[in-house]
Amino acid sequence: GAGVSQSPSNKVTEKGKDVELRCDPISGHTALYWYRQSLGQGLEFLIYFQGNSAPDKSGLPSDRFSAERTGGSVSTLTIQRTQQEDSAVYLCASSLDGSGTGELFFGEGSRLTVL
Amino acid sequence: GENVEQHPSTLSVQEGDSAVIKCTYSDSASNYFPWYKQELGKRPQLIIDIRSNVGEKKDQRIAVTLNKTAKHFSLHITETQPEDSAVYFCAARPGRRALTFGSGTRLQVQP
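Note that the protein sequences, when read in sequence, are chains A and B. Residue 102 in the numbering used here sits at position 102 of the first sequence, and the numbers go up by one each step. Residue 50 in the numbering used here sits at position 50 of the second sequence, and the numbers go up by one each step.
There could be a bad hint or two in this list.
Restricting the straight-line Cα-Cα distance to at most 16 Å, the calculated cross-link-like pairs of lysine to aspartate or glutamate (EDC-like) are [as the list claims (entries may be wrong)]:
| # | chain 1 | residue 1 | chain 2 | residue 2 |
| --- | --- | --- | --- | --- |
| 1 | B | Lys37 | B | Glu83 |
| 2 | B | Lys37 | A | Glu108 |
| 3 | B | Lys68 | B | Glu83 |
| 4 | B | Lys42 | A | Glu85 |
| 5 | B | Lys37 | A | Glu20 |
| 6 | A | Lys57 | B | Glu2 |
In short, the hints are calculated from the structure, not lab data.
Model the full structure from these sequences, guided by the hints.
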């Protein structure tokens, strides 16, 4: 693909509902990250997938958050029982490999608004 | 895990002046230090990076320096232009673990 693709671009949901955010990385990229960016804030690390290794989930803020990556490609971030503080832009990024020095290519993000 | 602190949070300079953004990191195992630029409403993009075996790297008007002993690294932009206005993020990565970003610096270049 041309770049990292995320969907939906915008999601408005009611407090308490579950949401799923999707990320389609660049073809051939083995590393995939999820970050969260609140309005005017920094890039908060959520989770990192590298090849077939166990994902690094150390950044997930609570057990309401989970993510999976199927077949080493597409990833889905799930937020259960959404809260207003979950409102943010969720950015996905992929990298060619996990050597540690590869450029991250970001998607456009999914803007989540919890009413 | 790694903790990256970034200063200042906002920086305003006159066009043509230099801008310096500083970051410190906590994990001595970190060996890769990229800088990303995020323009308003856009996605972050890599502008320059440095590896731990190098003390300084330059690319046109942009340079990065790294002091591994002190665990800090800096971004220097010379001859700033209005199009340099953006949010800049430093980051650090220990080995193959996750890339951790600083909190960002909003740079405003006044014409």
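(request) Hint by hint, work out which the structure violates, then give me just those numbers in ascending order. (result) 3, 4, 5
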